[in-house]
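Engineer: Those protein sequences? They're chains A and B, same order as listed.
When we follow numbering that gives the first Met the number 0, the leftmost residue of the first sequence carries the number 0, and every step to the right adds one.
When we follow numbering that gives the first Met the number 0, the leftmost residue of the second sequence carries the number 0, and every step to the right adds one.
Hints are computed from structural coordinates only; laboratory data are not their basis.
Ideal Cβ placement from N, Cα and C applies to all residues, glycine included.
There may be inaccurate statements among the hints.
As the list claims (entries may be wrong) - Ranges of calculated distance between the beta carbons of each label pair, as one might list FRET restraints:
hint : chain 1 : residue 1 : chain 2 : residue 2 : range
1    : B       : SER136    : A       : TRP198    : 40 to 50 Å
2    : B       : GLY137    : A       : ILE40     : 15 to 25 Å
3    : A       : GLU42     : B       : GLY183    : 36 to 46 Å
Said to hold, decoys possible - With a Cα cut of at most 25 Å, we get these calculated DSS-like pairs of lysine-lysine:
hint : chain 1 : residue 1 : chain 2 : residue 2
4    : A       : LYS31     : A       : LYS279
5    : B       : LYS70     : B       : LYS54
6    : B       : LYS54     : A       : LYS107
7    : B       : LYS263    : B       : LYS252
8    : B       : LYS252    : A       : LYS279
9    : B       : LYS263    : B       : LYS273
10   : B       : LYS133    : B       : LYS112
11   : B       : LYS252    : B       : LYS273
12   : A       : LYS31     : B       : LYS112
13   : A       : LYS279    : B       : LYS54
14   : B       : LYS70     : A       : LYS31
15   : A       : LYS159    : A       : LYS279
16   : A       : LYS159    : A       : LYS31
17   : A       : LYS107    : B       : LYS252
If you want the building blocks of each chain, they are given just below.
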Amino acid sequence: MSTVSEVSARGAVPQPRGGITQSVRDSLVVAKRNLIRMLRIPEMVIFGLIQPIMFVVLFSYVFGGSISLGGNTDPSMYRQFLMAGIFAQTVTFATAGAGAGIADDMHKGLIDRFRSLPMARGAVLTGRTLADLVQTALTLVVLAIVAVIVGWRIHAGFPKAVAGFALLLLLGYAFSWIGALIGLSVRTPEAATSGGLIWLFPLTFISNAFVPADNMPMVLRNIAEWNPFSATVQAARHLFGNLPADYPVAAAWPMQHPIWASLIWSVVIIAIFRTLAVRKYRSATA
Amino acid sequence: MPGAIYAEGLVKTFGDVRALDGVDLDVPEGTVLGMLGPNGAGKTTAVRVLTTLLKPDRGRAEVAGIDVLRKPNEVRRSIGLSGQFAAVDEYLTGRENLQMVGQLYQMSGRAAKARAGELLERFHLTDAADRPAKTYSGGMRRRLDLAAALVVSPPVMFMDEPTTGLDPRNRQQLWEVIRELVAGGTTLLLTTQYLEEADHLAHDIAVVDHGRVIARGTSDQLKARTGGERVELVVHEREHIAAAQQVLRGFGKGEATIEEHIRKVTVPVTGGAKLLAEVIRELDSRGIEIDDIGLRRPTLDDVFISLTGHAAEIDEEAADGDGEDATKGAKGAKGKTGKAGRTGKKNAEGTESAEGAAAKEGTK
C-alpha cells in the first residue's frame with residue numbers, strides 16, 4: 000500500500016490550456032456530470048414530461064371545440080395551432096430545472112469546490128445549460144410523438160420542421176440562462192424552482208401560444224405580439240405549416256417576421272443573462 | 000521571505016459585520032498552521048479569501064508565492080480545498096467525482112482516471128468506488144472530499160474544519176491521513192474548533208476571535224499562557240479545607256485557591272497523573288476525606304477565557320456547517336461591545352507574541 004506522500008508525488012499540476020479549448024472542454028465535463036445525474040434521478044425527467052403531456056391532451060380536448068381560428072372552430076385545426084404553443088411552453092420550463100440545479104449545487108458546497116478549481120469561469124453554468132438542452136430535446140421528442148397521436152401533423156416538409164424545433168431549443172437554451180441567474184440569486188433550490196416558474200405563467204399565457212392574440216384587449220394584445228415567447232411560437236407554426244390559410248397575421252413586426260424575431264430575442268436573452276449569470280457566479284457565496 | 004501562505008491586513012465586512020478585521024498570517028513552507036476559534040470568529044472567511052472564493056475589502060495575500068487577488072487562477076492550480084461539509088456530487092460515484100475534479104484541474108481524461116483509481120485505493124474507497132456517493136457514510140464522504148482536494152497533489156492545502164461532525168474513529172483516521180500528507184511536504188492551513196485537533200496536527204496555532212488573530216504560538220506556549228494544568232479537589236468536610244490547601248500547596252507551582260461554598264481547592268501543577276496519585280496518598284495519610292479530585296488541563300474554553308476575557312461561545316446552532324457561520328456568529332458577537340476594551344488590550348499582547356514567534360522562525 001502506498002502512503003499519501005507517495006501517491007501525492009504522482010499527481011502533477013498540468014499546464015492550463017487556456018482560451019476557448021479549455022472553455023469547451025470544461026463545459027463538456029460539467030455537462031457530462033449533469034447528464035449522469037439526470038440518468039440517476041429519472042423521476043425528474045419523467046415529471047418534466049407529465050405536465051406538457053397533460054397540457055396537450057387537456058387543451059386539445061377541452062378547448063378544442065371552443066376556440067375560433069379565423070372564424071373556424073374545427074377542433075382538429077386548433078390541435079395543429081396549439082402544438083407549437085405547448086412545445087414552446089415546455090422548453091421554457093427548463094428555466095426552473097437549471098435554477099433548481101444550480102441552487103442545489105450552491106447549497107451543497109459544490110459551487111465552492113468548482114470555484115476553487117483552475118477551470119474556465121463560465122463552464123459550470125454552460126455545462127448545466129447544455130445538459131438542460133439535451134433534456135429539453137428529449138422531452139420535445141416524446142411530446143411530438145404524443146402530439147402526432149392526438150392528430151398533429153407537419154405540413155411544410157421535414158427540413159423546415161427541423162428548423163422549427165431548432166428555434167424552440169434555442170429559446171429553451173436562452174431561458175435556462177435566466178434560470179441559472181435565478182439559481183445563483185436565491186438561497187434554496189425550492190425558491191429557485193418557484194422563482195423559475197411563477198413568471199412563466201403570465202409570460203406564456205399573455206401570448207399567442209394557446210389562443211390567437213387578436214381577441215385580447217388592446218393592451219394585452221400589444222404585449223402578446225411583442226412577447227419574445229410569441230415570436231418563437233409564431234415562427235414554429237410557420238415552419239411546421241400549422242397556420243390556417245386564412246389566419247389573420249398581426250401587423251406588429253415580430254409577427255410579420257417571426258423567424259428573425261425569434262432568433263434575435265433568443266440571442267439577446269443569452270447575451271444578457273449569460274453575462275449577468277457568469278458575473279454573479281464569480282462572486283457567488285453559498 | 001514570506002511563507003507558502005501569507006496574508007497581510009485582511010479585512011472583510013458583510014454589511015456592518017467585520018468578519019475579518021485585519022488578519023495577518025505567515026505559514027512557512029511544509030508546516031501546519033491551526034486556526035483555532037469559535038464559529039463566527041472569521042476562520043471560514045479567511046479560508047475563503049485565501050482560496051480565491053471571496054475578495055477581501057482590504058489587505059493582500061499570497062499562496063505558494065502567487066498573489067491571490069491578481070492571479071486567482073494560478074493560485075487555484077496550486078491549492079486543494081477541503082470544506083466543512085463534504086462537497087461531492089452525491090449522485091455521482093466516488094470514481095466519477097474524482098475523475099471530474101481531475102479533468103477540471105486540466106488533467107487528460109486518461110490521467111484523471113488513473114489518478115482517481117490511486118486515490119480511491121489510498122482512501123480505502125475502492126469497494127465503494129462505483130456506488131453513488133449518497134450511499135456513503137459521513138466518514139467516507141469526508142474521505143472522498145479530501146481525496147478530491149488531493150487530485151493534483153497541491154503544494155498548499157486548506158482544510159476548513161475537516162473533522163467537525165465526525166465520530167472519534169473517523170476523526171483519528173483523518174488525522175492519520177493529514178499527518179502523512181504533511182510528512183510529504185505539503186503546507187497546510189487547518190481550521191478547527193478543537194484545541195486537541197490543533198494540538199495533534201499543527202506546528203503553530205493562531206487563535207482567532209472576532210475577525211482578528213489574538214494570539215499565536217505553539218500548543219505548549221498557548222497552554223502555558225493559559226495557566227497549564229491544575230489539581231482540583233472537593234473535600235467532604237468543610238473543616239478539612241485548610242488542611243487540604245496545605246497539602247496542595249506542597250505539590251503545587253503556585254498559590255492554592257479556595258472556593259469555600261463548594262469546598263473546592265485548586266492549585267496549578269506540573270507532573271500530571273503521577274502527581275495526582277501522590278496527592279491522593281498524602282490526603283489519605285492525613286485522613287482528609289474527599290468527594291472529588293481531578294487533574295484539569297486547559298481546554299479551548301480556558302484558552303479563550305484567558306486570551307479574550309470571555310468564553311468561547313461555541314454556537315450549537317451554527318455548528319451544523321452552514322456556510323454563513325461567519326456572518327451569523329459575527330452578528331451574534333456584535334452586541335458585546337462592553338468586552339471590546341479588554342479584547343483590545345489582549346490583542347496588543349497577541350501581536351507581540353506573534354512577532355516573537357516570527358522572529359524565532361527566522362532564526363531557525
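Engineer: Decide, hint by hint, whether the structure agrees.
Structural biologist: Structure-based check of each hint:
1. SER136/B <-> TRP198/A: 40 to 50 Å: Distance hint for SER136/B, TRP198/A holds at roughly 42 Å.
2. GLY137/B <-> ILE40/A: 15 to 25 Å: 22 Å, holds
3. GLU42/A <-> GLY183/B: 36 to 46 Å: With a Cβ separation near 44 Å, GLU42/A and GLY183/B satisfy 36 to 46 Å, so the hint holds.
4. LYS31/A <-> LYS279/A: Measuring from Cα to Cα gives roughly 23 Å; hence the hint holds.
5. LYS70/B <-> LYS54/B: 12 Å, holds
6. LYS54/B <-> LYS107/A: 21 Å, holds
7. LYS263/B <-> LYS252/B: 18 Å, holds
8. LYS252/B <-> LYS279/A: Violated: LYS252/B and LYS279/A sit about 59 Å apart, past 25 Å.
9. LYS263/B <-> LYS273/B: 21 Å, holds
10. LYS133/B <-> LYS112/B: Judged against 25 Å, a Cα distance of about 21 Å means the pair holds.
11. LYS252/B <-> LYS273/B: 15 Å, holds
12. LYS31/A <-> LYS112/B: Distance of about 15 Å is within 25 Å: holds.
13. LYS279/A <-> LYS54/B: 13 Å, holds
14. LYS70/B <-> LYS31/A: The given pair, whose Cα atoms are some 29 Å apart, is violated under the 25 Å limit.
15. LYS159/A <-> LYS279/A: Judged against 25 Å, a Cα distance of about 38 Å means the pair is violated.
16. LYS159/A <-> LYS31/A: 30 Å, violated
17. LYS107/A <-> LYS252/B: 51 Å, violated
In summary, the structure is inconsistent with hints 8, 14, 15, 16, 17 from the numbered list given earlier, while agreeing with the others.
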